[in-house]
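Engineer: One-letter residues, chain by chain:
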Amino acid sequence: MRKFKEFIIQKLILICGLASIFFVILIFLFLTKEGLAVFKSVTPVNFIFGKSWYPISEPAQLGILPLILGSLMVTLGAAIISIPIGVACAVYIAEIAPLKIKEILKAGIELLAAIPSVVLGFIGMVTLVPWVKSTFHLPTGLTALSGSIILAFMAMPTIVSVAEDALYSVPKSYKEGAFALGATHWQTIYRVLLPAASSGIVAAVMLGIGRVIGETMAVMMITGNAAVIPQSILVPVRTLTATIAAEMGEAVVGSEHYFALFAIGIVLFIMSFIINVTADLFLHKRK
Amino acid sequence: MYKKTLFVLIGLLFTVSAFAAKNNNSIQIKGSDTMVNLGQAWAEKYMEENSGDFVAVTGGGSGTGLSSLISGTCDIAMSSRNIKDKEITLAKQKGIDPFEIKIALDGLAVVVNPANPVSKLTLDQLSGIFTGKISNWKEVGGSNQKIVVLSREVNSGTHVYFKEHVLRKLDPNSKEEFAPGALLLSSSQAIADEVAGNSSAIGYYGMGYISSKQKHIDVAQNEKSAYINPNIENVISGKYPISRPLFLYTNGQPQGLIKKFVDYTLSKEGQGIVIKTDFVPIK
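In order, the protein sequences belong to chains A and B. 23 is the number of the first residue of the first sequence in the numbering used here; add one for each residue after it. 229 is the number of the first residue of the second sequence in the numbering used here; add one for each residue after it.
So here's chain B without its partners, still in its complex pose (with noise of 0.2 Å):
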């Protein structure tokens, strides 16, 4: 009889056990759709080499993933724009402290159909065509064709960061916002589809998403500079003019098995998927 009992006490045990042990070795991450593929490379090779240990990466927005970190439903955030003071004062009350790592760079590619014999924009007429100061192909060298503009939805930091820095130029006291009637798509695959398809369209994505079924743009600061070609030396250089950072938040230093994904996205293999998905290493 004591044996029988000591051999279920033995058994929960090990089941007790195996449970927490799954516990403590799973990350979950959440974010920025922009990031997702990286992400997900990063935690297969990751995986690959830390048999036992899982990670489950899913998209959803950047301010979706930061929401869930505040809320506590994931471990590490996956964000294309910083945090915002409000974000940080709400994660506080909850008794989150939201820690900033910098992980990599990407650069927006501006992105039309490949019918389109317009190759090239200054930033001014980029502002123009997303909020709709400049509604016809005709206004910047092309066909006489209204432009259908393209952008994401307000929960992408893709829409944020484009409209902080080309629409707005940088200026906290502009009051520019996308055109009413920009239409607002749900990815950025989605974008890339109606680019493929609409000749008159305009888009703007990650240049992880180029691919030969649309043309990006070349994009020059004001008149008088350069045009320059979204291609990973010319973001490195800083000479394109709309690249920005990605970031993963965690709450706090990120300590133990956060902390061993954190550092082997920085290390130099992490680094090597970073350019292999088309983004931008910052070692």
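Bound-form chain A, shown alone (with noise of 0.2 Å):
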């Protein structure tokens, strides 16, 4: 009774394992047969490279590149902003500071983590937009550059706690080896933890670029959504995520503005697939 009990248990742990997989097979098949679709109307480098996005036009013109390099203007700008602060807050609970303003930055940290996006969204819109708008003379704060900001502050927080733990698990001895040599606090951490912990700190980067990638509500709140090929961060940008989420609720099923929102996906599914991919094999070489 008791080794079938046991063998029962061990079935129902390994069906749960195994559902996860098989979520993704079903999740990316799906997305596959409905989106490859699109590739009937629109050659799939007309698709990717093509200019112009007026889905409900008749015929309609189905160009993705203002899209996705709106989407990696605004990765970018949030990259530009959040690694350093985020790798120097990491140093800083890792390495320096006392144990008292230690807990509180890690509760803070935490607390900023769980703050919903369309919150962060929201709060953007009406503080950050006006700022943007007034500082930089633009005709608008909708703008990559608000994206990229309010996007920063929601990847900041993986890149603080897994940058973190790369740092605390640099061995003990390199530090005290440092220190012996005559290096400084600050030459220590340059010279010896961020090189030794680098490849975690790749992994932190990775994961928080991929967190940003795949926003939506925040991005669509603030970024104003105009599908042109950005020329800089200060004009109004139309990211993937975005385009989806406005869209899908008009486009007809079964029709080509209906299969390209699909493709759209495949093509963001890939975009994170390869930045998760990077992280894990930054993860391993650590050990």
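Misleading hints may appear alongside valid ones.
Once the Cα atoms are required to be at most 30 Å apart in a straight line, the calculated DSSO-like pairs of lysine-lysine come out as [to be verified]:
| no. | chain 1 | residue 1 | chain 2 | residue 2 |
| --- | --- | --- | --- | --- |
| 1 | A | K73 | B | K320 |
| 2 | A | K62 | B | K403 |
| 3 | A | K55 | B | K467 |
| 4 | A | K55 | B | K312 |
| 5 | A | K55 | B | K443 |
| 6 | B | K312 | A | K62 |
Rather than coming from a laboratory, the hints here were simulated on the basis of the structure.
Two chains, two frames, a set of hints: combine them into the complex.
Structural biologist: This is the structure:
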């Protein structure tokens, strides 16, 4: 009887474990099936490098280059802002901060991670957007930069906590060795600790970026959603995610537009897959 | 023992009939964001008068409403544009027969920031501005400022209507599109907020959204004709050039509860609510 119970429980857990893989495969198959149908009406090259996105016109123009560049622009901006701050914050927490401040900081960062993205988007719309408009003397504050700043807030908690873990796992003897050789604290941090934890820090950055590229709600609220190829970070952009979210309701099921939105889903899936795999490679290298 | 069973059975019967009754007495209405306020006002009044009936109204855009009617997830779709041929074909495939009821008129107001000196434009100028051919306010008599064009998202009936009637001036062969740099905002309220805070912005929405924080533009058919203010009289008389009908769509001729509600919207009282929510009645 006990053996039987054991057997049942083992198999149940096995099924739960396999379930997530099974779902991923199902989702991927569905996405591919619906998305690839768009290539009956537009060639893959024209789809990815086409410069205009007018999905509901007759005939529809389905070029997603402005959307891809919009997503990349917002993500790049968010990375430039969040990486230095995030890594520096991790170094401070792991190496310098006294215990009390460390506890407060960690709680604060966890809270930041807990704010829903729509709330961040709303706050950004009311406070950040007018600020960006007046500071840079722009015709409108709904720009890629506003999106980048808000997304940097969302990427930071991930970057800080993973990078901090990486710094902790550097063997203590490295640090002691550096001190013994007469290095100052700062020299130890940037010549010994950071290089030793580098693969973990890269993984942290990649996970942070992965979160940014898939984010939808906040971006849709504050980037202006204009499908133009962005010439700078101070212009409105339309991201891949916002396009899907904004247009899914309108797309008639089974139409070109509907398939095109699924194809955008595939592009997004591939982008975040590459980012996750890169992060994974670096994490394994560390071990 | 028998008695107990009987009690239970009777009890079950009551619960079942209660549930069934609840389903029969509720209507799901979905669609045009422009019409959400109107739909909700109707629903509230209607439910006050017919207690026991339940009407739920949600927005999302005309396209959203029509596609839920087609997929059978709502009973009435509100739409600020005519149903497309494509949508009719798709509905037929799913065994749905869309039935159109015209229930009100709406004037589309073009709005700018109150600080903007421009207060009247022709349809040609509007077309130029929204397609991006005119990109500076000084070209239409304003100050030297870049024009920020605001539009609704593509799921909006207002977006489609504006494109066909203003950008393309009803020419079926026209290929005019919104400027690629136009900001697509997800609601009329978002446009109202951005116009209120941005002195170089121009946007459009249903007359119901006009408030003192935005300035509406008087519009003329062409340079020679008069500039017309978007108000109820001018829409009824047909003088204001950018006005459109608003529709309800049902599956086949409305029947039962749906008919009761549709009749209510067309009644004197229903049309009175149309005026109160700043739309224009058809009767």
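Engineer: Determine for every hint whether it applies to the structure shown.
Structural biologist: Status of the hints after comparison with the structure:
Restraint check for A:K73 and B:K320: not satisfied, since their Cα atoms lie roughly 35 Å apart, outside the 30 Å limit. At most 30 Å may separate the alpha-carbon atoms for a hinted pair to count; A:K62 and B:K403 meet this at roughly 23 Å. Restraint check for A:K55 and B:K467: not satisfied, since their Cα atoms lie roughly 51 Å apart, outside the 30 Å limit. Proposed proximity of A:K55 and B:K312 is supported: the alpha carbons are some 26 Å apart, at most 30 Å.
For the suggested pair A:K55 and B:K443, the alpha carbons sit about 49 Å apart, so the restraint of at most 30 Å is broken. For the hint linking B:K312 to A:K62, the alpha-carbon distance of about 22 Å falls within 30 Å, and the restraint holds.
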